[in-house]
Amino acid sequence: MNTVDYTAEVARRDAGIQPVLEGIHLHKEFPVRGGLFGPQRTVKAVDDATIALYPGKATALVGESGSGKTTVARMMARTYDPTSGTLRFRGEAVKLEHGAALRAYRRHVQLVFQDPFSSLNPVHNVRYHLSRPLRIHGHAHTNAEVTEQVLALLNRVSLSPAEQFIQKYPHQLSGGQRQRVAIARALAARPEVLLADEPVSMLDVSIRLDILNLMLRLKDEERLALLFITHDIASARYFAEETLVMYAGQMVEGGPSEAVIQQPKHPYTQLLLSAAPDPDRITADGSGLAQLPARGEIPSLINPPGGCRFHPRCPHAMPVCKERFPQRTHLGGGHWTHCFLYGDGDGAGANGATAAKV
Amino acid sequence: MAVVTGTETLLEVRNISVDYLAANGTVHAVSDVSFTLRRGEVLGLAGESGCGKSTLAYAIARLLRPPAMIVGGEAIYYPHQRENDDGEVRLADMQKGPIDILKLTPAQLRSFRWSELSVVFQSAMNALNPVMDIGTQITDVLRAHRPTMGKDSRERRAIELLRTVGIAPDRLHSYPHELSGGMRQRAMIAIALALSPEIIIMDEPTTALDVVVQREILSEILRLRERFGFSVIFITHDLSLLLELADRVLVMYAGRIVEMGSRRDMYLHPRHPYSYGLIHSFPSLHGPLRRMSGIPGSPPDLRAAPAGCAFHPRCPMAFAACRRVFPVLQPALAENQEQLTACHLYNAQLHPAGAPKTEDIAASYEALAAAQGVTKL
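Top to bottom, those sequences are chains A and B. Under our numbering, the first residue of the first sequence is numbered 15, with each subsequent residue one higher. Under our numbering, the first residue of the second sequence is numbered 6, with each subsequent residue one higher.
For reference, chain A alone in the conformation it holds in the complex (with noise of 0.2 Å):
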């Protein structure tokens, strides 16, 4: 199987750009405990994962609850270690050891949660929770340099005035401001790479779009690498240059958000698009919900349908895709799939795209 995209891995090479992290063939099962004669049993809760992330580039991670898609994110920001599958951080391997090692492996990357209001200990000011990283990763060791980058950090949030934010507590902030001490915490390691797992669906809707024009801003003006992680594929485009959709811990599709999502190829982005709210369906007579193409739900990762796992809610299922799953087809301009509908693979059918317009 082709790990990386050939067409775009080549123009990022002519351009000079090296993926900061990737994560390769990543699998992750855990463990279930069964009844107590029963047999061990494991959740497949991501299947052969593949992803790179670029310096000055955001990559959206889209799918929806039980996709797998924080599982990712968490093997890459080594909150989980993979069953199986590499790590690499700037080309080397990353080794999957603990203590000093892994709080190296922190300093580069970092996590922003989806919950401000459970990530932030109510018991400690924001000062504290800026100042944990600055010591840890040993950017400030006097109190005056704490205080002096713990404003830093506030301003480069746009939490202004930073004098008066430094000392208050999580319950005194709104939603929006504790996301943003939540991201500052992330930028306090000086990471390289930023993994935000749903940062905006918790917060108000008129807020959402100040907290991702912040991470925007961050992304252009400091070079990070970053991995947005939604359900909603609307703010995937907005956000991201590069969009990966997932189905139950499988990656079906993935390429430049526009061509994803103007001309979405595999049946489940599809439906995914379909039933996104979006108003500019409303026709003249009214009629607005349109039918969706398949129904259901993810099934369970216990026991996962063989093949492609999206076969048995597919208005397209055929006989093979219940025996395995598709190898990777490339559709030119860095866009791909694993579905049998626009064949198997790169060397199988290009033909098969046109017969396959649904």
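Note that these hints are calculated values from the structure, not bench results. Do not take every clue at face value.
So these bits of chain B aren't anywhere near chain A, every CB distance computed over 10 Å [what the hints assert, rightly or not]:
1) Ser39
2) Ala62
3) Thr141
4) Asp145
5) Lys156
6) Arg168
7) Asp365
8) Glu371
Derived, one-sided and incomplete: chain B residues facing chain A with beta-carbon distance under 8 Å [unchecked claim]:
9) Glu53
10) Arg220
11) His242
12) Leu246
13) Tyr272
14) Phe287
15) Leu290
16) His291
17) Leu294
18) Ile300
Every residue gets a Cβ at the ideal spot worked out from N, C-alpha and C, and that includes glycine.
Given the coordinates of chain A, assemble chain B onto it according to the supplied hints.
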């Protein structure tokens, strides 16, 4: 009894106000709100958190408890004569003519709730009883409201209700934890439908669900509405959802209605700068990619809302009168009496330059984004 969306008024809310009595000042959560709900329509209620949309709906359902207090107003319900089976004693039959929900006695309220008006809550896991199977939870409603109904017919009705909302009848004895999020929300809807009420209040019924499941539930609600002819008050912060789903949309800000209109009018030309900002807080799937800015600032403290128009500190188009004069809800333009807005930009006396076009509102938000340093893509 299929009823199509008509002009017949089902519920008329007049000047309702709700306060929360807090130690550090009274919070005016809903102030002087009036609107009508027509028979068979889906009325969307949108706004940011804390704008009073849930408080308003719960006031109508009489579900508020202290420190919340309804300090004024009426909610007049116009009942519909309907066939009475199963020995249900309907309030509407005892009391001819319109009913003011806010004046019902506890006993009257018990018979009013669920048979005339039911509620689907946001979190089905919290709203369903975890130690009762869903069949029992449905028959519970029937037992309370239709005392003459036998055990078998109750169970038959429960199975019929589950089928109606798309749950297989063999799940009758499933417990809430055995159902997926979407199924739980369907079960909630089945319970809400049990007594064929005229009004169903849905408070963010799909917010916790995935998009595909959300879309299925919404289609189901519209299908059931076609079939049974009930009216829905649909509360959500997701205005893009309402623009697809609702017949009419009502936008609230700081406890008041700032705009009301058909979804088409609201989508094509929102009049109030707040409605425009709310609609454009969501990135779109089509069209040119633009860097956008949200509505600046945050909602006001409802203990002391700003003078004049409560939105003026955040409004990119505010002018002198907005800080002094309180705007009333009135037709934005004389040619469309159905789209009401509370904004001085449409008041020829205060704003002689004339009503702004949607592009003008867009331009003011873009200027704001540019001033904040949000660059265009």
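- Query: What are the numbers of the hints that this structure violates, sorted from low to high?
  - Reply: none
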